[in-house]
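I would like the entire structure built from these sequences, with the hints used as guidance.
Letter by letter, the chains look like this.
Number of protein chains: 2
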Amino acid sequence: MAETDQALPPSDQLAAMNLTDTVEKHAFSDRVLIRSIVGRPDGGAGLAGQRVRAGGWVKTGREQGKGTFAFLELNDGSCPANLQVIVDAGLAVLSKLVATGTCVVVDGILKVPPEGTRQKIELRVEKVVSVGEVDPAKYPIPKTKLTLEFLRDHLHLRARTNTIAAIARIRNALAFATHSFFQEHNFLYVHTPILTTSDCEGAGEMFQVTTLISESEKLEKELIKNPPPSEVDIEAARQVVSERVEAVKQLKAAKASKSEITASVAELNKAKENLSKLEERSKLKPGIPKKDGKIDYTQDFFARQAFLTVSGQLQVETYACAVSNVYTFGPTFRAEHSHTSRHLAEFWMVEPEIAFADLQDDMNCAEAYVKYMCNWLLDKCLDDMLFMAKSYDKGCIDRLRMVASIPFVRISYTEAVELLEEAVRGGKKFENEVKWGIDLASEHERYLTEVKFQKPVIVYNYPKGIKAFYMRLNDDLKTVAAMDVLVPKVGELIGGSQREERYEVIRERILEVGLPLEPYEWYLDLRRYGTVKHCGFGLGFERMILFATGIENIRDVIPFPRYPGRADL
Amino acid sequence: MAETDQALPPSDQLAAMNLTDTVEKHAFSDRVLIRSIVGRPDGGAGLAGQRVRAGGWVKTGREQGKGTFAFLELNDGSCPANLQVIVDAGLAVLSKLVATGTCVVVDGILKVPPEGTRQKIELRVEKVVSVGEVDPAKYPIPKTKLTLEFLRDHLHLRARTNTIAAIARIRNALAFATHSFFQEHNFLYVHTPILTTSDCEGAGEMFQVTTLISESEKLEKELIKNPPPSEVDIEAARQVVSERVEAVKQLKAAKASKSEITASVAELNKAKENLSKLEERSKLKPGIPKKDGKIDYTQDFFARQAFLTVSGQLQVETYACAVSNVYTFGPTFRAEHSHTSRHLAEFWMVEPEIAFADLQDDMNCAEAYVKYMCNWLLDKCLDDMLFMAKSYDKGCIDRLRMVASIPFVRISYTEAVELLEEAVRGGKKFENEVKWGIDLASEHERYLTEVKFQKPVIVYNYPKGIKAFYMRLNDDLKTVAAMDVLVPKVGELIGGSQREERYEVIRERILEVGLPLEPYEWYLDLRRYGTVKHCGFGLGFERMILFATGIENIRDVIPFPRYPGRADL
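Residue numbers (full-length UniProt numbering), protein chains in the order written: chain A, 1 to 569; chain B, 1 to 569.
Rather than coming from a laboratory, the hints here were simulated on the basis of the structure. Treat the hints loosely; a few may be bogus.
Identical chains share a label here; the pair holds if one copy fits it or two copies do between them.
Below, in silico cross-link-like pairs of lysine to aspartate or glutamate (EDC-like), each with a Cα-Cα straight-line distance of 20 Å or less [what the hints assert, rightly or not]: (1) K221 with E205; (2) K294 with E217; (3) K272 with E243; (4) K120 with E24; (5) K218 with E336; (6) K394 with D383; (7) K429 with E73; (8) K294 with E215; (9) K291 with E217; (10) K290 with E217; (11) K138 with E504; (12) K290 with E215; (13) K258 with E246; (14) K138 with E521; (15) K221 with D292; (16) K270 with E235; (17) K380 with E184; (18) K138 with D21; (19) K143 with D525; (20) K59 with D135; (21) K283 with E273; (22) K218 with D296; (23) K277 with E220; (24) K111 with E126.
Written as structure tokens, this is what we have:
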């Protein structure tokens, strides 16, 4: 945003902005991106006189001058701004162009519009190349004001709205900012598995992944088409085998020729094969295979029970304990029947893991990463952020600026509880009781970050009783080296910890929390062999988008939300 | 690689390389990355005299000088090269440092080693900060030459080997190259869902995702602990209700006091509530819920049958038809019982989708993307590529150079079949018959790209009978606008097509291939309302890594391979 250059005369301004006066060509299309016109700092004015092909969807259209021409506001999703397009009646049936949602491709010449209009440039059409029509009477998302809730029932079309498109661009920017941040700091991106046979937390409702049901349904159909042999069938086959055995015996006794005996043995073998096939088929039973009254998972695809991951942390630790700095960025799953505006069954998590690093390093990394994302949005997505500020949350840009510039407060859990108790004494009412040992509730976290400090707060050193077994036990033997990053608007954004690297201690902790050792033997191996101090954290990616945009419901910041009862498309 | 500067004297050389003579500090750790020392173009020589803290795992170690000091080759995964470390016996028990896999953190001073040694720099240790020991007798992956197959049984430790670490760095580089390429070209990264209720191809073996089994197991346990009411229990509860009804009646008849009647009605209500609870519980049956003999999926988590995605294409098209240029990069799944070296049950796909673009644009994008990745590896991963060339595939670097620089051959399917028929006439033997209409087999693809052209080949315009319904029907009504990119070493790397944007045509095609319309109504809406010419493709990410590295088995190029019978960790 070259605001400081506004005093310069237009041509110098252009030069100062280092703008060329030709439109950037789209590499894989014969049209240009609308952003490469109206997204320029000069609003496109410097491109007047250029001939271009543009394509997009009509946001609003209207016939003017008694039907002699039409104005179309065209948007192709490359930026929030539209390109104003003017089509004369001689070029197309104007009524077919003006409906919201119509797709048009046009060739034309860019012109500076008459003074006093908002646009810096407009496209005078010379040829209408193609039209994808819309029947406005049937179009599910016509122009009228639509609620986000209504749009959730039209997932396949909602990206055509200004809001969902802006969120898509912000989400994209945050994703690339994430990769850029970790790559700049020499972290390797590691793809941890979605299908897992480990349960990270030893708790957590997990989705099961199986082929047993479909296999059993396939079998059921097959058995109806082709019923299994009856006892009579099998008895008959057994009879044939006995007869063939007898026949061979008799031929041998009669010293028959070798070829006769060979032929007879062959017949016997055929009969035996037939019998064993029938016996095999007679064992087939419809329904899910069972053994000793329990489902027989040895017959499932992975020969054991498999689930969708709830976190890639344990697996990515195997890479941290080998190549030092790693991160995951992928989908994770919870089969919880939560119907809140903050929970999804499928959501994306970013989980870095750092070897040779402790809790301080962990907090430093978390703070630097969040600041980096805020700066990225301010640098590269300001137009979309302005839209969000105008439409949803007028403080969202200031919030980004604040978080990007102010050092995060860091307080221990014990200090946090003291502050909350002080607040209670001062008359503050919480639904959940405050005392040392509790897990901080969302209302407590929001109070600390939104009321008490009014900036991001990192709370560290939590009671071991409320945290996972893999967090490093502090010397006080009561707390673990865990940390949560709390931010205004969403509360907990990040949860992390230094990991317990001492074999004896972590083994003890696993037993203490009542988990079996066997499934964690591989995890224990990381401590048995060449153990290393390490730490990491997880950031809920959708929470970051809620924080950035001020959108209230998490179902609106992921393209295809999954929650109890809903998995459209 | 500043090879051209080798004639310069060392200090000028350093200046020419724009190297500083201080080690780059690690942002989130108190040690420096080994790459920031030995990964410099000068091999670290310019850093002599610097004090640093280094950490890593011992690749090889040996005591020297009758136990007076030890040499350690230290690696932290930041680059393939090791840092040579020298520890005097006074600083630590040397025998505890030298075992392969030991983790050590040391402070020391960087020195130029004596002339004639391979290293450009070594670290003389002043203090051993910490040691994570290894018992070499128990360590599952000691130094001896280990096969990739053996390592697959030790997924949690294999990233500590040179090969798997190099593959991790190459995989990371290709992933970031992918994001960089599409971001540079204004594509938005869209997270398509993993959990889906749509089947992209109308075929494909899919994994089912369910909570029905775990819910029914939970219920089963609960019913054992707390058995459902018997008929007698329910009859008794009914009896109580009747008695209470009678009691109320009598009190009313006797004109009892209001408070007496109220109390009696309250008792009646309690009895009714108890009865209905018992009746509810009596309906609970162990096992998966059924209705009309079929599994009742309305009781599953999403109130319908859900699967793991086989492709994000159909869903990402909803974004392409709204914001123009998009791509997905995420895990996809096939529940196929394939035990080959080319198939995984879970693998990563990159799927761009471009609006206002046709098959030519699609091919241009695919070729540019593959070339970009090749150049990226040559630019940023040459040390790892040299390791792969030395250890696995001596031609791999030349292959990258060739693909990065040579225009891909483009031939129609019909031409491809003619070339194959010509080869057959020339004496070439294929296992699969060659004639117009067949799906090209791997042997055919390999012949075209490895023998006939010896460079990448794009085959386009395939017979409609062997391709998916969503591919655009060509004017010949026999072929569709599909394209496959074939490369030496792996054969098919990319499959793509222009999508059918004409409502009537695609509707017809869905019916023609025998699919029901109803599940595709949302997909048809994209053609009903504001339809747009568009195209896209899918690249199997692991195949790209096989192509780049020359590794033979796909299970070795993904961190946690999943295949029939195996899902470790």
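Against the structure, the hints:
Taking CA atoms no more than 20 Å apart as the test, K221 paired with E205 passes between copies only; the shortest distance there is 16 Å, against 32 Å inside one copy. Both within a single protomer and between protomers do K294 and E217 lie at most 20 Å apart by alpha-carbon distance, with minima of 18 Å and 9 Å respectively. Taking identical chains as interchangeable, the C-alpha atoms of K272 and E243 lie at most 20 Å apart only when both belong to the same chain, with a minimum of 11 Å there against 70 Å between chains. Proximity of K120 to E24 under the C-alpha cut-off of 20 Å is restricted to the intra-copy arrangement: shortest distance 18 Å within a copy versus 47 Å between copies.
Taking the shortest alpha-carbon separations for K218 and E336, only the inter-copy value of 14 Å comes in at or below 20 Å, while the best intra-copy value is 30 Å. For the identical chains of this complex, K394 and D383 are intra-copy neighbours only, at 14 Å inside a copy versus 50 Å across copies, given an alpha-carbon limit of 20 Å. With identical chains, the CA atoms of K429 and E73 are never at most 20 Å apart, being 51 Å at best within one copy and 60 Å at best between copies. Proximity of K294 and E215 under a CA criterion of 20 Å is satisfied in both settings, with 17 Å inside one chain copy and 14 Å between copies.
Proximity of K291 to E217 under the C-alpha cut-off of 20 Å is found in both arrangements, the shortest distances being 18 Å within a copy and 15 Å between copies. In this homomeric assembly, K290 and E217 come within 20 Å of each other (Cα to Cα) both inside a single copy, at 15 Å, and across copies, at 13 Å. In this homomeric assembly, K138 and E504 come within 20 Å of each other (Cα to Cα) only across copies, at 17 Å, whereas the closest approach inside a single copy is 67 Å. Both within a single protomer and between protomers do K290 and E215 lie at most 20 Å apart by alpha-carbon distance, with minima of 13 Å and 17 Å respectively.
In the homo-oligomer, the alpha carbons of K258 and E246 lie at most 20 Å apart inside one protomer (17 Å), although the nearest pairing across protomers, at 94 Å, exceeds that limit. In this homomeric assembly, K138 and E521 come within 20 Å of each other (Cα to Cα) only across copies, at 14 Å, whereas the closest approach inside a single copy is 60 Å. For the identical chains of this complex, K221 and D292 are inter-copy neighbours only, at 16 Å across copies versus 25 Å inside a copy, given an alpha-carbon limit of 20 Å. Taking the shortest Cα distances, K270 and E235 sit within 20 Å of each other inside one copy (16 Å), while across copies they are farther apart (61 Å).
In this assembly of identical chains, the alpha carbons of K380 and E184 lie at most 20 Å apart whether taken from the same copy (18 Å) or from different copies (13 Å). For a Cα distance limit of 20 Å, the shortest separation of K138 from D21 qualifies neither inside one copy, at 42 Å, nor across copies, at 69 Å. In this assembly of identical chains, the alpha carbons of K143 and D525 lie at most 20 Å apart only when taken from different copies (17 Å versus 60 Å within one copy). Taking the closest pair of Cα atoms, K59 and D135 come within 20 Å of each other only inside a single copy of the chain (14 Å); across copies the shortest separation is 69 Å, beyond that limit.
For a Cα distance limit of 20 Å, the shortest separation of K283 from E273 inside one copy, 16 Å, qualifies, whereas the shortest one across copies, 47 Å, does not. Both within a single protomer and between protomers do K218 and D296 lie at most 20 Å apart by alpha-carbon distance, with minima of 17 Å and 17 Å respectively. Taking the closest pair of Cα atoms, K277 and E220 come within 20 Å of each other only inside a single copy of the chain (18 Å); across copies the shortest separation is 35 Å, beyond that limit. Taking identical chains as interchangeable, the C-alpha atoms of K111 and E126 lie at most 20 Å apart only when both belong to the same chain, with a minimum of 12 Å there against 72 Å between chains.
Violated hints, listed in ascending order, are 7, 18; each of the other numbered hints is respected by the structure.
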